[in-house]
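Protein sequence lines, in the order shown, are assigned to chains A and B. At position 177 of the first sequence (counting the first as 1) the number is 177 in UniProt numbering, and the numbers step up by one without a gap. At position 209 of the second sequence (counting the first as 1) the number is 209 in UniProt numbering, and the numbers step up by one without a gap.
Read the hints as simulated data drawn from the structure, not as lab findings. Note that beta-carbon positions come from the ideal geometry of N, C-alpha and C, so glycine has one too. The reader is advised that the hints may include incorrect statements.
[Said to hold, decoys possible] Incomplete in silico selection of chain B near chain A, CB under 10 Å:
hint, residue
1, Asp66
2, Lys174
3, Arg271
4, Leu274
5, Val286
[Claimed, not checked] The list that follows gives simulated cross-link-like pairs (lysine to any residue, SDA-like), each with its CA atoms no further than 25 Å apart:
hint, chain 1, residue 1, chain 2, residue 2
6, B, Lys45, B, Gln266
7, A, Lys4, B, Met273
8, A, Lys324, A, Gly264
9, B, Lys45, A, Gly191
10, B, Lys281, A, Glu258
11, A, Lys4, B, Gly285
12, B, Lys45, A, Arg235
13, A, Lys262, B, Gln266
14, B, Lys256, B, Asp40
15, B, Lys256, B, Asp22
16, B, Lys281, A, Asp174
17, A, Lys4, B, Glu42
18, A, Lys118, A, Asn106
19, B, Lys45, A, Glu196
20, B, Lys11, A, Glu192
21, B, Lys34, B, Ser49
22, B, Lys45, A, Asn232
23, B, Lys45, A, Asp210
24, B, Lys256, A, Tyr207
25, B, Lys281, A, Gly191
26, B, Lys279, B, Ala295
27, A, Lys262, A, Lys295
28, B, Lys11, B, Phe263
29, B, Lys279, A, Pro201
30, B, Lys279, B, Glu177
31, A, Lys262, B, Ala249
32, B, Lys45, A, Gly237
33, B, Lys115, A, Gln9
34, B, Lys281, B, Arg252
35, A, Lys262, B, Asp265
36, B, Lys26, B, Ser55
37, B, Lys11, B, Gln362
38, B, Lys367, B, Pro220
39, B, Lys45, A, Pro194
40, B, Lys256, A, Pro201
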Amino acid sequence: MARKISYQQAINEALAQEMRRDSTVFIIGEDVAGGAGAPGEQDAWGGVLGVTKGLYHQFPGRVLDAPLSEIGYVGAAVGAATQGLRPVCELMFVDFAGCCLDQILNQAAKFRYMFGGKAVTPLVMRTMVGAGLRAAAQHSQMLTSLWTHIPGLKVVCPSSPYDAKGLLIQAIRDNDPVIFCEHKLLYSMQGEVPEELYTVPFGEANYLRDGDDITLVTYGRMVHLAMEAANNLARQGIDCEVLDLRTTSPLDEDSILESVEKTGRLVVIDEANPRCSLATDISALVAQKAFAALKGPIEMVTAPHTPVPFSDALEDLYIPDAAKIEAAVRKVMDASRSAA
Amino acid sequence: MSQIHTLTMPKWGLSMTEGRVDAWLKQEGEQINKGDEVLDVETDKISSSVEAPFSGVLRRQVAQPDETLAVGALLAVLVDGEADEAEIDAVVERFQAEFVASAASEQAQGPAPQKAEVGGRLLRWFELGEGGTPLVLVHGFGGDLNNWLFNHPALAAERRVIALDLPGHGESAKTLEHGDLDELSGAVLALLDHLDITRAHLAGHSMGGAVCLNLARLAPQRVASLSLIASVGLGREINGDYLRGFVEAANRNGLKPAMSQLFADQGMVTRQMLEDMLKFKRLEGVDAALRLLAAAIADGDQQRHDLRGVIAQQPTLVLWGSEDAIIPASHAQGVEAEAVVLPGVGHMVQMEAAEQINQLLQDFVRKH
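Please model the complete structure; the sequences and the hints are all you need to start from.
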């Protein structure tokens, strides 16, 4: 039986194995080793939640603590990527995107296009996403849609330890800038992960459950809530197909359309805010390209259009849960039944 | 004298801890013969039928459809002879009272596969049973030791039985030097040396059959008998499209048509089976290994090796499924061996007709 490790260990292992394999891979970010200017405590932190812990001593000179300036070190990583290195920079919380957005939006994402394909930018930006840690509005956002909106970026959001390792290795080997979104509530999740190197390709959704009645499309932590809802609904005779997108850019349109053409019903579950989101994007895709297959209205289960609340009670209400997903599925089933 | 038998949740493969009861195939009061399929069970990896290891009347369906039960849990009570309801109640009650404790301890100390550097490369193998001349199980192209999950425990009731992952497969090292039959047979020989086995019965499926035949050619003194299941090396034709399709498949939609050709019963090709195969194919080195081996086995629709000449040298059993879409069952004819073609079964004979294959292998190996 394959060995079980956590999502966090899977990310650490992918980094270590790729750094061992390829000497151009290096890590840069805030507190990724010991915290800049903290002599004698060189591996004290290993990232704010310890994801890069232990790498500093294994790879001397290749795990670099940066000053508290995202525009500075993210810019340095983008520059290094254009010069033949493969940096993995860490944006501690995705909420800090504003502090380095030009480096990503106007520089990294544009080089290949503006230099006629002659420049590549093999950059990975690892970043923590999602709500649920009682970390309030500036440390809890699900900004996957923000990155997905930008052409020239690839956007990854793994839902399991297996996918985290395989997608991160793929991200490091990819020649385009990749935003690698790690959900903070998944770090301790355990799962079977091969010890060997492997890659999970981008743009290939994972069928976590085959079903005939309705398609649930989701990604990241919401995958587990969708599975919980699907298992509950199965007991009530509703057979859900669950698709984990794995990457939101590129998007596996074929799998989404193929599944909806089979089931005729769609619920999209997205932890992000709903305006201009993956949920609206996928709903539009299906309405446009698989309208004839639809037997009922498309439903979306998302966070509301508000910042993430700090209050425990409100944060719990803010994040989509299995009950909301089940209610949405029932709504679609009922609406399509009355139409038939 | 009447006998009360308990039918329990089987353990199919290393990772199975529980199974979901899908449907009963036999009803209470029906006479069941040993080997009959009694109910369908589904795990996260596979779905199959539970066969009765004994004959009797199905007196009690203890497990309910849709119920998920641990390995070893009580499914049914069969009675060979007479028994009243009170006796059956007592058996069920005693079983349920004793079961919980044993399940936990068995999980903790169950046998596990081993890994070691053997002949200069990492090999994984799994040993069950003890005594007698050992039997070695060799899987086919793209397979691993789990291909024997329905066979390994049953065969190990009478002897030491070793299933291995060939180089390039399972959890053995993926890098191949030449990627030919000699390299694979050499790895099996190296494992025999490593385990101090001077002579063994060999059973091989598909490409694994050719690996066994080739081993018998290289080191006949090490081979007590050969059991060849839907084997490569016994004729010219092979489904080249299958090999190409399997090697090229990089996602579920690509893999499904290839995997479907392996089974007569399409219900065996589960979502999890496809996902597990994709996970294997994504491992570093697997793609290169499979390409080398596919080229070593066949040139288009023609096999490269005719190993029929090896057969006459030791006792050989040839087994096939009549519906094999990879290598035609006609290859079972005209060889100097005991040959059995099982009707309605595809290429994965040992999975689709496990009970029959186990019986045939057991009887054959016992004789030699």
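Against the structure, the hints come out as follows:
1. Satisfaction of the interface hint for aspartate 66 of chain B is found here, the shortest Cβ-Cβ separation to chain A being roughly 8 Å, below the 10 Å cut-off.
2. Hint on lysine 174 of chain B holds. Least Cβ distance to chain A is approximately 7 Å, under the 10 Å limit.
3. For the restraint placing arginine 271 of chain B at the interface with chain A, the shortest Cβ-Cβ distance is roughly 5 Å, inside the 10 Å limit, so the hint holds.
4. Against a cut-off of 10 Å between C-beta atoms, the interface hint on leucine 274 of chain B holds, since the closest Cβ of chain A lies about 8 Å away.
5. The beta carbon of valine 286 of chain B is positioned within 10 Å of a beta carbon in chain A (closest approach about 8 Å), and the interface hint is therefore held.
6. With a C-alpha separation of about 15 Å, the suggested pairing of lysine 45 of chain B with glutamine 266 of chain B holds against the 25 Å cut-off.
7. A distance of roughly 19 Å separates the Cα atoms of lysine 4 of chain A and methionine 273 of chain B; the hinted pair therefore holds under the 25 Å criterion.
8. As the CA atoms of lysine 324 of chain A and glycine 264 of chain A are separated by approximately 20 Å, the hinted pair is consistent with the 25 Å bound.
9. Restraint check for lysine 45 of chain B and glycine 191 of chain A: satisfied, since their Cα atoms lie roughly 15 Å apart, inside the 25 Å limit.
10. The suggested pairing of lysine 281 of chain B with glutamate 258 of chain A holds, with an alpha-carbon distance near 23 Å, which does not exceed 25 Å.
11. Proposed proximity of lysine 4 of chain A and glycine 285 of chain B is supported: the alpha carbons are some 22 Å apart, at most 25 Å.
12. Simply put, lysine 45 of chain B and arginine 235 of chain A have alpha-carbon atoms about 20 Å apart, close enough for the 25 Å limit, and the pair holds.
13. Distance hint between lysine 262 of chain A and glutamine 266 of chain B is fulfilled; the C-alpha atoms sit about 19 Å from each other, no more than 25 Å.
14. The hinted pair formed by lysine 256 of chain B and aspartate 40 of chain B meets the criterion: a straight-line CA distance of about 22 Å does not exceed 25 Å.
15. The suggested pairing of lysine 256 of chain B with aspartate 22 of chain B holds, with an alpha-carbon distance near 23 Å, which does not exceed 25 Å.
16. Among the hinted pairs, lysine 281 of chain B with aspartate 174 of chain A is consistent with the structure: their alpha-carbon atoms are about 19 Å apart, no more than 25 Å.
17. Restraint check: the Cα-Cα separation between lysine 4 of chain A and glutamate 42 of chain B comes to about 23 Å, which is no more than 25 Å; the hinted pair holds.
18. Restraint check: the Cα-Cα separation between lysine 118 of chain A and asparagine 106 of chain A comes to about 17 Å, which is no more than 25 Å; the hinted pair holds.
19. Pair hint lysine 45 of chain B plus glutamate 196 of chain A holds up; C-alpha atoms about 21 Å apart against a cutoff of 25 Å.
20. Distance restraint check for lysine 11 of chain B and glutamate 192 of chain A: the Cα-Cα separation of roughly 19 Å lies within the 25 Å cut-off, and the hinted pair is therefore satisfied.
21. Under the criterion of a C-alpha separation no larger than 25 Å, the hint pairing lysine 34 of chain B with serine 49 of chain B is consistent with the structure, at around 13 Å.
22. Between the alpha carbons of lysine 45 of chain B and asparagine 232 of chain A the distance comes to roughly 21 Å, so the proposed pair stays at or under 25 Å and holds.
23. For the proposed pair lysine 45 of chain B and aspartate 210 of chain A, the alpha carbon gap of about 14 Å is at most 25 Å, so the pair holds.
24. The suggested pairing of lysine 256 of chain B with tyrosine 207 of chain A holds, with an alpha-carbon distance near 13 Å, which does not exceed 25 Å.
25. Note on lysine 281 of chain B and glycine 191 of chain A: the hinted pairing holds, with a Cα-Cα distance of about 19 Å set against a maximum of 25 Å.
26. As the CA atoms of lysine 279 of chain B and alanine 295 of chain B are separated by approximately 22 Å, the hinted pair is consistent with the 25 Å bound.
27. The hinted pair formed by lysine 262 of chain A and lysine 295 of chain A meets the criterion: a straight-line CA distance of about 11 Å does not exceed 25 Å.
28. A distance of roughly 21 Å separates the Cα atoms of lysine 11 of chain B and phenylalanine 263 of chain B; the hinted pair therefore holds under the 25 Å criterion.
29. Restraint check: the Cα-Cα separation between lysine 279 of chain B and proline 201 of chain A comes to about 11 Å, which is no more than 25 Å; the hinted pair holds.
30. With a CA separation close to 23 Å, the supplied pair lysine 279 of chain B and glutamate 177 of chain B stays within the 25 Å bound.
31. A hinted pair counts as satisfied when its Cα atoms are at most 25 Å apart, and lysine 262 of chain A with alanine 249 of chain B qualifies at roughly 22 Å.
32. A threshold of 25 Å between alpha carbons decides the hint, and for lysine 45 of chain B with glycine 237 of chain A the separation of about 22 Å falls inside it, so the pair holds.
33. With a C-alpha separation of about 23 Å, the suggested pair lysine 115 of chain B and glutamine 9 of chain A falls inside the 25 Å cut-off, and the hint holds.
34. Distance check on the hinted pair: lysine 281 of chain B and arginine 252 of chain B sit about 11 Å apart at the alpha-carbon level, within 25 Å; holds.
35. Of the pairs offered as hints, the one joining lysine 262 of chain A and aspartate 265 of chain B holds, with about 22 Å between alpha carbons and a cut-off of 25 Å not exceeded.
36. Taking the CA atoms of lysine 26 of chain B and serine 55 of chain B, the gap is near 13 Å; set against the 25 Å cutoff, the hint holds.
37. Under the criterion of a C-alpha separation no larger than 25 Å, the hint pairing lysine 11 of chain B with glutamine 362 of chain B is consistent with the structure, at around 19 Å.
38. Of the supplied pair hints, the one linking lysine 367 of chain B and proline 220 of chain B holds, its CA atoms being roughly 18 Å apart against a limit of 25 Å.
39. Simply put, lysine 45 of chain B and proline 194 of chain A have alpha-carbon atoms about 17 Å apart, close enough for the 25 Å limit, and the pair holds.
40. Taking the CA atoms of lysine 256 of chain B and proline 201 of chain A, the gap is about 18 Å. The hint holds against a cut of 25 Å.
No hint from the list above goes unmet by this structure.
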